[in-house]
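J.: Protein sequences, first through last, are from chains A and B. Residue numbers are given in my numbering: position 15 of the first sequence equals residue -2, and the series is strictly consecutive. Residue numbers are given in my numbering: position 375 of the second sequence equals residue 358, and the series is strictly consecutive.
It is worth saying that the hints were derived from the structure and are not from the lab. Hints are not guaranteed to be accurate.
In this list, chains with the same sequence are indistinguishable; a pair is considered to hold if it fits within one copy or across any two.
Calculated lysine to any residue pairs in the SDA-like style (CA-CA distance at most 20 Å, straight line) [claimed, not checked]: (1) 388 to 186; (2) 302 to 373; (3) 78 to 89; (4) 85 to 75; (5) 363 to 157; (6) 67 to 88; (7) 302 to 192.
Protein chains: 2
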Amino acid sequence: MDITRQKNYTDWYQEVIKAADMAENSIVRGCMVIKPWGMGVWERLQRLLDDEIKRTGHDNCYFPLFVPVGLFLKEAAHVEGFAKEMALVTHTRLKIVDGQVKLEGQLEEPLVVRPTSETIIAESFAQWIQSYRDLPVLINQWANVVRWELRPRLFMRTTEFLWQEGHTAHATGAEAQAEAMTMLEVYRTFMTEQLGLSLIVGEKPPHERFPGAEHTYSLEAIMQDGKALQAGTSHNLGQGFAKAANIQYQDKEGALQHVHTTSWGTSTRMVGALIMTHADDDGMRLPPAVAPAQVVFVPIIREDADIEPVTAFCEAAAKRLRDQRFQGEAVRVKVDTRDKKAQDKRWDWIKKGVPLVVEVGPRDLAKNELCWIDRLAIAKKNFEPADTFVEKVEERLNAIQSGLKYAADKMLAEHTRSDIKDYAAFREHFKKKADWLGKPGSAGYVRAYWCGEEESLAPLSDLGVTVRNIPFDQPKEPGICVLTGKPAAQQVIFARAY
Amino acid sequence: MDITRQKNYTDWYQEVIKAADMAENSIVRGCMVIKPWGMGVWERLQRLLDDEIKRTGHDNCYFPLFVPVGLFLKEAAHVEGFAKEMALVTHTRLKIVDGQVKLEGQLEEPLVVRPTSETIIAESFAQWIQSYRDLPVLINQWANVVRWELRPRLFMRTTEFLWQEGHTAHATGAEAQAEAMTMLEVYRTFMTEQLGLSLIVGEKPPHERFPGAEHTYSLEAIMQDGKALQAGTSHNLGQGFAKAANIQYQDKEGALQHVHTTSWGTSTRMVGALIMTHADDDGMRLPPAVAPAQVVFVPIIREDADIEPVTAFCEAAAKRLRDQRFQGEAVRVKVDTRDKKAQDKRWDWIKKGVPLVVEVGPRDLAKNELCWIDRLAIAKKNFEPADTFVEKVEERLNAIQSGLKYAADKMLAEHTRSDIKDYAAFREHFKKKADWLGKPGSAGYVRAYWCGEEESLAPLSDLGVTVRNIPFDQPKEPGICVLTGKPAAQQVIFARAY
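Okay, chain A solo, but in the shape it has when bound:
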């Protein structure tokens, strides 16, 4: 690609999306068009995560897009948290009068296009739940949500985005807490094993909680510019939403109790995280688990030669590959028969991040072999008999899956500083830009003790640094706050973030 990470990281990100043809900005400000390749990746993510959500006992439902304003007002912290980024529906009809648009049919109560569904789902829970026998209620929905976005960026922040939101209700606080942790672990496993992200799991400090939550847990993935990306969150909502919506159950003794609820979500941001974690200066690199195509064949067409036997060879090999398994599923194979130069086709698929690209020309055919390229080592052309390639495809896809994860883990390990003990060193570190981590002088994560006082973060505003979360794995000893020098019980992750 023309733009490299070294040259301009921000532009490079846009360029990868363009080169891989994954998405583009739409005519509607802040919204995106997800193109087939980007959608293919999202559909893979969806399928894999949905399986896990169901395996852990959750059912999918669908709740309305619209939330009456009055419902939103019931939970005070919640409405405050979202009041400035709402899409509000006020009218139901349109009329053209003298070429001018006139809105008619004004609604008595405006409707909010859901920025999240806690309030509307709580209304259903209040009806569904009467007795302890009705609990737990474990549901999930895949939906679009809208939060007005002033500085949109494809996949990372868009006014409309796609997500899943889980919502559960439990008899006790302990069960709600266990649920929030279970789903956090589902996310962690999915994001590390399938997406190959490298992340730090922990609890958000109080001022970063989801509006209305008692505890918010997050997965903070490190990007190639050292910034954190919050790839998913899980909230123990306590009884706040239950009290606001009056979700009560009769316990075994016949007493009325409010339920304890949780919610947890991940979104199309994960596709942004995939790109910012794995792409390189040649374009996208996809973990095989989420690649819409894992192997693509490019038949080499020479003008004077007959293309028929070449494509037949490719189709035959493709068929045999589809009988192979990767992670228990049929290998996803494509034969690219478009009327386009082989070299351009090869580059199309490299830029799209296909794990294995195979070229077959008349000469290879004569030798009954093929030429394959590993997306993690594109400079090398590997020649071998088709049989061998078919036999080894699972092993190679596994190696690519692991290779991407290895690189991400290395990045996190190499760019998390745990040795910064005072404010001067802290400032010095974060004076460095957020820039490609391959470039010396870029800042990553800092893991350090923090006293927990929100006011102590004010001086960091010029650096753009925030507390990402309080990691679960903590040293046994308390320490000294890196910002204030006061005693501090816990370490936190400081970083710039998307």
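Once you've looked at the hints, dock chain B against the given chain A.
T.: Showing chain B alone in chain A's frame:
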């Protein structure tokens, strides 16, 4: 159920949805909450249809929820068609002043919540398409859409509904026409083979076309009350949208041409069609192809006996059933271990329409057999060894799939009158109510010649009867219009409709 088709067909429909726990009305007027069982059915429909959409060469994309009003205005017929049922977003912020809700951040241009996406997708097509080499563009999206609904009914008509909308662009009118027909056939096959619907496929008369379309084709499924339900449509949009959005390509000779577009869609209405086609007075009956669970085990718990061996027996049989295949997929089996009376559980699953319900008690266990119930013949309890049941499960699911289709076909055949030749007989026929077809004196479809003049339909308004479509299979001879007595080239289907 308390309410039967005979007693009150409309209430019966609501009762089935409640008994099967598929969906409910939401607090937001006109919108529904799709509950786990209803969502499970929709997800099955989605998966099967999505496979076919992809198999025929289409890719999934995602386009914005919002359409700027100005874009809508570009295609005159289109804006007129939807102007009265739009959800319009006008503001972006909310403020509470003295307990009153104040809207702020008024948008310069209101946004329409998509009632359909032709206009917004056309904008993308205009950018994507430059040359004949870029054609055809074949895409689909699964999305929610909003059309204000004054008389909502769960699944049949709701303000917000879920659907898929295919959108394609082609170099020639012939190709667009072929595409519209291909997708109509995909729908027909899917709806008859998987959903077991019985329907008549044909073209809509001009006044019933989709706003802006040149040709609209529909699939009109007959419901148990003799009404038609438009289960899907496919449109050849000609060059109207291409001209409005300026979607042009350079042909092989270098000349600029407008593309020809199509669109085609099906929605959660199909779930309504499933219910109104297959349910009976005991609740839902699901074709195995779309049943979230095809076999459910109910272990019979006796207070004095040990339940462990019974559930173990069920789990073991369930495991073996999952190794069996129906339509190439693993059989979907559930063991219901809820703390509830066995009889109540059995009825829960019968009402939900599970094809095969299996009961196992300690006595069955001793004999190493089980008791199974076929949802199409619930009065009969069948006893047999577990081995036999496992071996025969595919055959039995096939029989249920065919049985439901057979009943639907019978209904269509028995309630389509082709012998009505004049207006008096026509009126006489349709004076009959739309009511359960098992009840003598209910009207179904009438297939008769029609002159094609829209004005001739005015006298039918008191009957609530409309032209559903012009079936593809036509007699060779022209005839006499049943309404006007004028010469008529074609037969049409007259019916009441949802």
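J.: A separate judgement is required for each hint: does it hold in the structure or not?
T.: Now the hints, each set against the structure:
For the homomeric pair residue 388 and residue 186, neither the shortest alpha-carbon distance inside one copy (24 Å) nor that between copies (54 Å) is at most 20 Å. Proximity of residue 302 and residue 373 under a CA criterion of 20 Å is satisfied intra-copy only: 10 Å inside one chain copy versus 32 Å between copies. In this homomeric assembly, residue 78 and residue 89 come within 20 Å of each other (Cα to Cα) both inside a single copy, at 13 Å, and across copies, at 19 Å. When the C-alpha separation of residue 85 and residue 75 is checked against a cutoff of 20 Å, the pair qualifies both within a copy, at 11 Å, and between copies, at 19 Å.
Taking the shortest alpha-carbon separations for residue 363 and residue 157, neither the intra-copy value of 54 Å nor the inter-copy value of 46 Å comes in at or below 20 Å. Only between protomers do residue 67 and residue 88 lie at most 20 Å apart by alpha-carbon distance; the minimum there is 9 Å, versus 25 Å within a single protomer. Taking identical chains as interchangeable, the C-alpha atoms of residue 302 and residue 192 are never at most 20 Å apart, the minima being 50 Å within one chain and 43 Å between chains.
Checked against the numbered hints above, the structure violates hints 1, 5 and 7; every other hint is satisfied.
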